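Work the whole structure out from these sequences, hints included.
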Amino acid sequence: MNASALLLRDQKTPPQITLSEGVLALKGDLLISTIESLDLRQSAGDTIDLSGVGQFDTAAAWAVVTLERRLQRAGVSPVITGANASQLDMISTLRQNMPEGDAPKLPRLTIVDRLENIGRATVSAMQTALSMVAFLGRVVATIVGLILRPTRIRGTAIVHHMQQVGLSAVPIVALMAFLIGVVLAFQGAAQLRQFGAEVFVVDLIAISILRELGILLTAIIVAGRSGSAFTAAIGAMKMREEIDAMRTLGIDPIEVLVAPRVIALIVMLPVLGVIANFAGLFGGMVMSWIELGVAPGVFQARLLSNTDVWHFGVGMIKAPFFALIIGIVGCFEGMQVGGDTESLGRLTSTSVVVTIFLVITADAMFSIFFSIVGV
Amino acid sequence: MAEPPIISVRGLVTRFGNHTIHDGLDLDVRKGEIIGIVGGSGTGKSVLLRAVVGLLKPAAGQITVFGENVRDTGVADYRRLRRRWGVMFQDGALFSSLSVQQNVEAPMREQLDLSPQTRAALAAIKVRMVGLPENALQKMPSELSGGMRKRAGFARAIALDPEIVFLDEPTAGLDPIGAAEFDALTAQLRRTLGLTVFLVTHDLDTLHAICDRIAVLAEGRVLATGTMAQMLEVDHPWVQAYFKGPRARAALIQKEAS
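Those protein sequences? They're chains A and B, same order as listed. Just remember that the numbering used here sits 350 ahead of the position in the first sequence, which is counted from 1. Just remember that the numbering used here sits 40 ahead of the position in the second sequence, which is counted from 1.
Source of the hints: derived by calculation from the structure; they are not laboratory data. Everything numeric in this text was worked out from a predicted model, so none of it was measured.
Mimicking SDA-like on lysine to any residue, the simulated pairs with C-alpha atoms at most 25 Å apart in a straight line are:
(1) B:K97 <-> B:L263
(2) A:K377 <-> B:A161
(3) B:K97 <-> B:E108
(4) B:K97 <-> B:R124
(5) B:K71 <-> A:Q437
(6) B:K179 <-> B:S137
(7) B:K179 <-> A:S474
(8) B:K284 <-> B:H248
(9) B:K71 <-> A:S383
(10) B:K97 <-> B:S48
(11) B:K179 <-> A:R696
(12) B:K179 <-> A:T460
(13) A:K377 <-> B:L154
(14) B:K179 <-> A:R470
(15) B:K179 <-> A:Q446
(16) B:K97 <-> B:R261
Next comes the structure, spelled out in structure tokens:
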């Protein structure tokens, strides 16, 4: 091919196939981009003539071999004529490499397959739950071990993670709680005003924020922020074989990677919860003042006299448990990451969904528990 | 030798920040040859490859492929140009969310309007041509060994019957048997498909076995080009150390024995 032909390769003659006196003549440029216009459903002819062919690539050779096999099935063994050496070479390469018959089809799913898939998914979900519990046990054992031998505690790592999960989350948590307080006051006011019981908005806000919403929404935000970050960070280390490297060096990844994260969360989530409580109450107070004319002084007095301290206690008791759930699930899913990038993304989103689900489930269980013990 | 080079690089300068990688690099690649690009770590072999295929904007210089400028072409022209070459990155760079078959079909799907049956048939052929078993078609990249990933990456690179293939360290990380097989595969496909192969490598055995010419990158430019025999004559400490070191001698002995 000379230089001008090199540049003019884009100008193609469309391929044609003609049948006359038993000779199937192929003409034009047979290329992967043009091959589909060729009608390969020929059933007559005993010779395939390539003398009129211009450009020729593997797709063209595929077409020739397909044609040849089709004719063979019709009972004739066609002769290929007019092909040059490189075309024949390509055709024989294709003959060796082309699977017999049509492209393999994926088997269709039967009802038995579907049932089997459900069964397998159930078993694997239960296995995952079991190994997550085992992971929880190992982490708790490691943390207890660290408490017994405090010199092994990685102070720098813990402080670093406390900053990441705690301090950096303060603005978003405070803003979220403030807005929740505003919304509660606004919605509560509309209802309570009908009974002239505006002042009860204080109780409404205090109980719902201190008992439930403050800590629950904080936990959900931290799960989305830090739980996913844990999964992604540990998962990336798993993918790059850093975790295996640690194990060969005798470093326990749970002690180095998981424990500092979980400890940081257990310390910081209650703190974030308190901040959320304050911000929520402040938001409620501002809105009560604007919307209902409940002065801040009245709000404060009512808050102190009518709200049992146990409402605050109930919320705070839940915080370390939520922290444990977020930390364990985030780190556990990170450890599950395999060799491919897709599993990293999939497990990061799984981590957030599972964490939020478990946090809400735990919250529901705490509600039942506290109602039984009567606080 | 009236035929113009298929790839021509003139006065290439690439910089990362203050760090100059190439400083006035010239290189010609002839049609139908296998050219091996060698050089120490950090001399910009892979960077050169990336510049030639247009992934990287050089600070200065001109790169033409098939007589067309790679950088200053319109979107449509670049797309047309890109169809005429295939690139195999280190470790295959397969799309991890797609099966091998879908990976090989990906360029056909993007560039051409083929029916699914034709695509599947052509993909199956390409996968067989690079020496993968047929059951590899439905596998995901994470289920393949390193050598198989490279082969699948090669199958994707030749999916559209390109005229040039760029191979980035094709034999790195393969065992000697796998590496020799990959060399044989490259040579065989060059013969059947009439490819021009632009090969970035460290592997002296590959250079001995299949490369027609070798270009040595050092000091920001191409220090020497020529056949293996000519390389041994080059009077430059790095070239001497590279081609006459203990590993080079072992490769040479192996070549003579075979």
